[in-house]
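Visitor: Take a look at the letters that make up each chain.
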Amino acid sequence: MTAILEFFAEVATILGGLFYETDALALAYMFIPFVLFLELPLNLMIWLGVLRYYTRRIYAVPTQYPFTPRVTCVVTCYSEGDAVKGTVRSLMEQMYPGQIEIIAVVDGADQNPSTLRALREMMPEVEQYASRRLVVVPKTPRGGRVSSLNAGLAMARGEILLALDADTSFDNTMVTEVAGHFRDPNVIAVAGSLRVRNWRRNLLTRFQSLEYMITIHLAKVGLGELHGVNNISGAFGVFRTEMVRKIGGWTTGSAEDLDLTLRLKQYFGRYPGFRIVFEPRAIGHTDCPETWKGFLMQRLRWDGDLFYMYMRKHRSAFSVRQMGFWNVLLGVWYGMLFQMVMPVLIVMYTLWLVIAVAPAVVVATFTIIMGLYAVLTFLMYITALVFISERRSRDARLAWLIPIFPFFAMIMRIWSLVAIINEWWRHSNQESSMAPWWVLRKGKR
Amino acid sequence: MAKQQERDIEGASRVVTFSRRPGFSDALGATLPTDQFASLEELHSEGLEEVLEQATLAFVVDLDSLSGALELVRALRRHPVWQLRLIWTEGDAGPEIKALTDGEFRTVDNPRERIESCAARLATANGGQPMRSQDQVLLSLLWSHPSLSLQPLRDWSAPELYRYPLLDALLEEDTTEFWLRGLKHRRLIEGQDLVDRVRLCPGCRHGHLSFVDVCPECDSLDIRTEPGLHCFSCGHVGPQRLFQDNGMLSCPNCSAVLRHIGEDYDRPLENHVCGSCQHMFMDGRVLARCMACGQAHDPNELEAFGIYRYRLSEAGRLLARTGDIGDLYGVFDEINYVTPEHFEFSCDWLLKLRQRHDEMRFGLILLHLNGLARVIDTLGHSRGAALVDAFAERVKALVRTTDLVTRTADDRIWLLLPQTSADGVDVLAGRLAQLMEDSVEGTELDRLGRVYHESSFGMSEAENAAAVMARMVSLSQ
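Residue numbers (my numbering), protein chains in the order written: chain H, 1 to 445; chain V, 1 to 477.
Everything labelled a hint here was simulated from the structure, so no lab data went into it.
Restraint ranges, calculated between C-beta atoms of paired labels, are given here:
1) H:A130 - V:V257: 21 to 29 Å
2) H:T2 - V:F232: 55 to 63 Å
3) V:V257 - H:P97: 14 to 22 Å
4) V:D213 - H:P97: 28 to 36 Å
5) H:A130 - V:F232: 22 to 30 Å
6) V:E226 - H:E390: 27 to 35 Å
7) H:V61 - V:P216: 43 to 51 Å
8) V:E263 - H:L51: 26 to 34 Å
9) H:K293 - V:E263: 25 to 33 Å
10) V:W156 - H:P97: 47 to 55 Å
11) V:L221 - H:A154: 48 to 56 Å
12) H:Y59 - V:E226: 34 to 42 Å
13) H:K293 - V:M248: 37 to 45 Å
These stretches of chain V come out as covered by chain H in the derived footprint (C-beta under 8 Å, 3 or more residues):
14) 242-254
15) 259-273
Glycine included, every Cβ here is placed at the ideal spot set by N, Cα and C.
So that you can see chain V by itself, here it is in the shape it has in the complex (with noise of 0.2 Å):
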């Protein structure tokens, strides 16, 4: 019996749906083959798991008659291999469930036809190679799920008051917060909508700050407020209690009686005391106490922090279908590579050097590979990786054993031209623009990045190796 389900099973679509409620698979009305459990580990127990791995699965839970649906639900998204898979619910999901699953099973109108895309569009996710890192787990995630995002959870325990359920139960290393900054950082995800703005405590980031008024001038924390009286013959201001003389109102100051209000005196807006230094003041001064370091800051030190709900962005969705194309470049640097500090320092030294002999000349050329990650994704992962040896091959091909050549950001590639003059640099970037576009040709792409160059007649004195690269840099941008 478990031979032929074996055999039904692998390749084809199958619901799996988790719920105590006996007949609850049928109820659903699904057309696909569907298996119900009320837990995984019954799935586990009955040793079909291995079997349905090899199956185009969704899940479907019940939340009503489950008690631990969001463990259930954490669970499988940490399952090595159903982790990607579509996980609808029934019932009242909470927000964190929300937050890790793809809506509600009624509102599918076409489960098969869903799972089948999503199951297509994974089979092509990160050019076809298997995930290795949870970035790529992520990105492929989000890519294939559109109705996915990555969702904050409002949580008065978390550090940030903020937490995204999905990146706790993909984390494998490091911590979500770094996590989602880096994230952040390499553009590969963008903010949906801002859900919330925060503020953190500059010291530790953590967002459980407690706010005290003290006093301005001697920051204590004993600060009362006392009804104040304004003298009008001399201006003091000071707590009516010293103004108080045997039942009439007298400044201390002045010692003018005061008979009236509005006349002989007013209530000034200072009506708070300083219990420590007796100072009066309007409004004490706010800091904001970090309970998790204690640090005391002003508010407006305080780091802001928009809470967004996060959606992939076009580099995400690019590096989520072609994978990761970093380590393509990884060919550059087998040619004359030396490290972005020894590239900047030889630089500099040659800019030393023609100060005091003028017949030194150099040039610094930048190729920005920024049309690879189109490449790959028009291509395919291994044409692309092909294309990009053959470049790197004639690139070898021009440079002399002399130049030096490194790598800044992950595009881009520098070459350092020692003892060239102003016309050969022209001559060298004009032959590598030309390879640009021929190692493209074929394809409907026009070229896989750009040249600029520099030589060194176009370097002032004043500038150093670090000024004029960042001036090219921002050519390239």
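Here chain H stands alone, though its shape is the one from the complex (with noise of 0.2 Å):
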């Protein structure tokens, strides 16, 4: 008992050394660079980009362009069962004035007759929506998401491509806020925001909530607006149709999303003027792992795809001539460095504290680090909050969680490198769930 106590009068008393010359001081001082060097200026680009937005946006004079074209809603079914309803009642709901094409696509259609029944249920209902469609194609063999959406864009007569999740609905201004981009002709795809639509669920969906909104959201709306969106969604992705039918659909393999952001990226060095726009007003609400075992499982295969699009598969797109410049640079630095690089950092920094600190030491040095993200964690959300957010009221709710948030944020960096390692050693990427084998087989390694 006293011994427990009289560690945390030493962890105190160092604290407190602070402000002293001290070796906790020092290796804070170590720990420092990276959030110098690599987090603290990604950081003020993304405020930097967030302020820009802000004040275009409250400056902007609100029209109404008469550009009405017509929109096509891929939507890739699997075994959501009635929850496709909603989805398919959240597009027809919407106020864009065109017509919205909706073609569902169910993959393994023997293997979910509850999904086909549900959509087919629906026709009644989408007949008193005027220019409303919507077209359920039952694709009996499994082929994976790749091949629905590729099953869509063959069928899809929109000048605009939204490739939507089932378990994904979304505000009833999405498509207007989304196609308004595609008057500029330089724009080839919009990238839509999401948030979490049963963040009331447990503490773990709010951890989530609150890093859609902080991690995602946020870094979002800053690169986008430096023209640095890093990556399109598979929930929810728009894009100019023909561009899509241009480079070839998707390609087979998990990531798939990823896959298309960066092979679309590889015309920006030909044109430098093609642009994929980030919409934060554009929202679409999903459904994240409610549990933690179903959590790490996704972030395993998040991470492990990054590295795999990043080092295997699109390595040589990293170049200023495929790329251009400015997207080479973000995409090193927020994709690798940040992303791959400051999760090994990190936990052999830690490691290496361990090993050589007395454990007081380390305690102490992990509150100053703990302290420091809180404090940015909680400008990002106050930023985000002001600035972004369109529910406010919503939002506001997950304030408590910020002081706790970093823990979460540690052990999701930690989940990435053994996420980096698994692709590395095992190639997990061929493991994936969403596909049958025989179809990842095919994809390039």
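Assemble the dimeric complex from its two separately framed chains, guided by the hints.
Guide: So, in structure tokens, the structure goes:
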């Protein structure tokens, strides 16, 4: 008992000695370079982007252009069952004055009769909406999400193509917000913003909701403003149909969304005017994993795929000639250094710290680091809440999570390293459950 | 030749066929003597009408060869002599002809026997008396033709949407509607099976109704469907166009931005809008507008009217056999008769008198002659009538000159006995009951009717004459 008390007293002394020259401070300084060179500049850039976005928006003259091209929504369905009704209904409810064609592709229709039935039940409801059309495509052999998307692409008649997940529903202004961007012929794709629908379920979903809000949504607003959208989410991506047809649709393999983004970006070197826009006001609501196991498996896939895309499949794309200088810089910095090198550095540093330094010093160092991260999180949170959020009262209810959010972020960093190692050694992208093995085998390794 | 034929025909069973096909009557294979005509006019022009009227006839109508078969059948059913005869058909009969005739000739096994049994029944129908009213004709017809019933026929031009061809053919006075209602009211016919149930305008009893939905607030016809929205934050419900705000949806009541269906708003069940008062509602009020008189009614107010196929009831069958016995009761009207209103007034007066003078007492006797019909049925009309006459004579002997007599229904005879003690009433009632039994002695019947009596001691002060009489009537039922 006394030993524990003495230990905490020691930690307090070290923390108290922060304002003098001590070992802990020196070690914290060692940590700060990562913060300074990798994290802080990135956050600064994001802040600048957000400010630019905000000022541009508040000074914008509200205009409505008579630009309402036909829109095709390809909804990839699998075993969602009755949940697809909500998705289809939210698409029919769009305020968009133009035509919306909804192509619901049911992958493995024989295994998922309830999904198919739910879609067919929607047919009479669709007839009540003018200029909305529902096409149900039962795809009997299972071919994975990519094959569903390509089937939808083949049938699409719209000028704009929305690739959507069946478990994601949308705000009714979504199509209006995204379609407007295509007025600019240089815009080849628009990334939509996702919110967590089941955030109320438990602590994990609340954490993920906060993460979506800060590190995904806010970062995308900032980077998108600076022409640096890193990924167009697979659950909610908007493309110029002609462009997707030209590059041959989606290719086999997991992380087809990142793959398509990177392939689109390879046009940027030759066509410097091309742009991928992030639209924060186009909101989709998706369900995130509710169990730790599900969550960790999802992240193992995401981070592993990131490594696979950047280091293996599209390694050669990162050249100035292919992507242009700015996209290579952002890709290397944000994609590689921030998302792949940082986890390695942080974990190695932590291990070294635990081995080399006294436990009290370790605890004190971590307290400082977590404190710093909490402050950073708070600033980002306030920025998102004030400048971006369209549902402020709902987002305000996540504020109490900020002090513990850095721990969650730390776990994710460590897990990223696991994912990278897993992918490096085991080629885990071949084990994806998103498509059958005979389809995955055809992909580039 | 005519004389010879006349003698042959008289009283014998014959079949008259109507057909344009030569040799039709021979092809029928009937074992009876047959005559063939192309139409009623031909029969008439050959001067055989009066001759054939003497015979026991049945008709066979060849529907396939005659163009005016329906008119012919109707004319036969209206014919003063032949309207009660059997009419069979040959060929494809429409619903109206089926309702008027006795069915297909081929299905009859023994035509002669059928013709004779029908004629025998007709001979005894109506107590052997000639038929005077349309009721008697109809009841005799239904009684003597077991295969006939009052069959309704769907007809869009009929006010009640259905009509009864047999009633149309036999109708002499009144309208078929009131005739049928009278028959039902007197329980002479009863529903055999329910064919349909129609709704009639309570104003004019027409079945031609137009159902329209109108605004429940202002009854305007001008309603339309329009997509509506229901705001979750304030509960406001309104047409979608009022929510539209620069490419977004916002509630006109609480100005909340409605972003996602199921989360911020949903589609209300109210999707009708009134064009004149802008009221939003779920289901319009339905009005039934009569196309005949133009009145609009709530559908619940409509008169539900069952369309039945009718057959003779027990009472109807009895009446068809015995004839109208209503006139037999007339003999009672000669005994100190007063009108029912006068009778009731007198009884009331006696009741009031009793309140003032305790010594006032009187009695009330009800003779219910419910056995009379059965008496006529078993003994025949003339013997029955004589029996009733004798009974009436003996009642007359018992009644004092100060007693009042009235008759409410056909068979309910009332006696008001002033200044009679309770014992006196009992004695008189006992004698009358004895008389009821004595008068039918020697027959297999047990009594002519029942006697119910009430002395003024048994009446409370609160009761009036109508109440007392109603009480006694309910005893007799």
